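> First to last, the protein sequences are chains A and B. Under the working numbering, the first residue of the first sequence carries the number 176, and numbering increases by one thereafter. Under the working numbering, the first residue of the second sequence carries the number 547, and numbering increases by one thereafter.
Since the hints were made in silico from the structure, they are not lab data. Fair warning: this is a prediction, and the values are worked out from it, not measured in the lab. From the three backbone atoms N, C-alpha and C, an ideal C-beta is built for every residue, glycine too. Wrong hints could be hidden among the right ones.
Stated by the list, open to error - Covered stretches of chain A (chain B as the covering partner; in silico rule of three or more C-beta atoms under 8 Å from a C-beta of chain B):
#, segment
1, 205-217
2, 221-228
3, 272-280
What the hints assert, rightly or not - Restraint ranges, calculated between C-beta atoms of paired labels, are given here:
#, chain 1, residue 1, chain 2, residue 2, range
4, A, 282, B, 650, 22 to 30 Å
5, A, 247, B, 612, 32 to 40 Å
6, A, 247, B, 651, 19 to 27 Å
7, A, 235, B, 605, 23 to 31 Å
8, A, 255, B, 587, 24 to 32 Å
9, B, 562, A, 247, 43 to 51 Å
10, B, 661, A, 192, 36 to 44 Å
11, A, 190, B, 659, 27 to 35 Å
12, B, 659, A, 192, 28 to 36 Å
13, B, 619, A, 193, 40 to 48 Å
14, B, 618, A, 193, 46 to 54 Å
15, A, 195, B, 605, 30 to 38 Å
16, B, 618, A, 192, 43 to 51 Å
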Amino acid sequence: AQSVTQLDSQVPVFEEAPVELRCNYSSSVSVYLFWYVQYPNQGLQLLLKYLSGSTLVKGINGFEAEFNKSQTSFHLRKPSVHISDTAEYFCAVSGFDYKLSFGAGTTVTVRA
Amino acid sequence: GAVVSQHPSRVICKSGTSVKIECRSLDFQATTMFWYRQFPKQSLMLMATSNEGSKATYEQGVEKDKFLINHASLTLSTLTVTSAHPEDSSFYICSARASGGERTQQFFGPGTRLTVL
Numbered sequence: 176a177q178s179v180t181q182l183d184s185q186v187p188v189f190e191e192a193p194v195e196l197r198c199n200y201s202s203s204v205s206v207y208l209f210w211y212v213q214y215p216n217q218g219l220q221l222l223l224k225y226l227s228g229s230t231l232v233k234g235i236n237g238f239e240a241e242f243n244k245s246q247t248s249f250h251l252r253k254p255s256v257h258i259s260d261t262a263e264y265f266c267a268v269s270g271f272d273y274k275l276s277f278g279a280g281t282t283v284t285v286r287a
Numbered sequence: 547g548a549v550v551s552q553h554p555s556r557v558i559c560k561s562g563t564s565v566k567i568e569c570r571s572l573d574f575q576a577t578t579m580f581w582y583r584q585f586p587k588q589s590l591m592l593m594a595t596s597n598e599g600s601k602a603t604y605e606q607g608v609e610k611d612k613f614l615i616n617h618a619s620l621t622l623s624t625l626t627v628t629s630a631h632p633e634d635s636s637f638y639i640c641s642a643r644a645s646g647g648e649r650t651q652q653f654f655g656p657g658t659r660l661t662v663l
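Next comes chain A alone, as it looks inside the complex (with noise of 0.2 Å):
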């Protein structure tokens, strides 16, 4: 089985700062991993996803996350966020049986 912690639960950033959400999952076998971003009334949309090969994975929106394995981690940056980018964040594992386990997400608050 799987399981994913977010370290936090809101983080709020003004426009154009850096953001890292932090996202820690156990496995005992070799997992894929995603990062999902929920808007206000809207379903959960994929953000990026890590399933083998380069452990930098680059996603839509100027999202980046990077799979470090030792540390069983998969943190989310952008470098310059904007106003459209407040929404909930849910990281998530899944193993071979495709299965998702989530974090319980974290809030983004961009301000002016």
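Given the coordinates of chain A, assemble chain B onto it according to the supplied hints.
For chain B alone, coordinates are given in the frame of chain A:
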């Protein structure tokens, strides 16, 4: 992109009644759909996996007689909360995996807020 809808978006019902939630893939066929439940400030918890034309597979601790899942077509899955009680109040989210699509890819609906009085 692939779109998944849920209906209704929110529902309020009296204790003891049953509520049906629909999940539809609008522009693709989905052999597999997933149902999640989310409590406030908590993560999404997988309740069950349904494959078109077969019985749903429930996660440990989820009562299959309480949460009836039907996946009768490649574009529709329904979740019925039977004899709902206040503790069933929650946010229910479905997702769908496209037929022949990448197995890691799930498309999510916007969720249904259930309040049981």
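> Does the Cβ pair residue 282 (chain A), residue 650 (chain B) satisfy 22 to 30 Å?
holds, 25 Å
> Verify the coverage statement for the segment 205-217 of chain A against chain B, using a C-beta to C-beta distance below 8 Å and requiring 3 or more qualifying residues.
With 5 residues close enough to chain B, the hint holds.
> Taking the CB of residue 235 (chain A) and the CB of residue 605 (chain B), does the distance hold inside 23 to 31 Å?
Cβ of residue 235 (chain A) to Cβ of residue 605 (chain B): about 30 Å, so the range 23 to 31 Å holds.
> With respect to the beta-carbon atoms only, verify the hint that residue 661 (chain B) and residue 192 (chain A) lie 36 to 44 Å apart.
Check passed, 38 Å falls within 36 to 44 Å.
> Measuring from beta carbon to beta carbon, are residue 255 (chain A) and residue 587 (chain B) in 24 to 32 Å?
Holds, at about 28 Å.
> Residue 247 (chain A) and residue 612 (chain B), beta-carbon distance inside 32 to 40 Å?
About 35 Å separates the Cβ atoms of residue 247 (chain A) and residue 612 (chain B), which means 32 to 40 Å holds.
> Taking the Cβ atom of residue 619 (chain B) and the Cβ atom of residue 193 (chain A), is their distance within the range 40 to 48 Å?
holds, 46 Å
> Lying within 46 to 54 Å: is that true of the beta-carbon distance residue 618 (chain B) to residue 193 (chain A)?
holds, 48 Å
> If I claimed the Cβ atoms of residue 247 (chain A) and residue 651 (chain B) lie 19 to 27 Å apart, would that claim hold in this structure?
About 23 Å separates the Cβ atoms of residue 247 (chain A) and residue 651 (chain B), which means 19 to 27 Å holds.
> With a cut-off of 8 Å between beta carbons, are at least three residues of the segment 272-280 of chain A near chain B?
With 8 residues close enough to chain B, the hint holds.
> Assuming the hint says 43 to 51 Å, is it satisfied by the Cβ distance from residue 562 (chain B) to residue 247 (chain A) or not?
holds, 45 Å
> Are residue 618 (chain B) and residue 192 (chain A) spaced within 43 to 51 Å by their CB atoms?
At roughly 49 Å between Cβ atoms, residue 192 (chain A) and residue 618 (chain B) fall inside 43 to 51 Å, so the hint holds.
No hint from the list above goes unmet by this structure.
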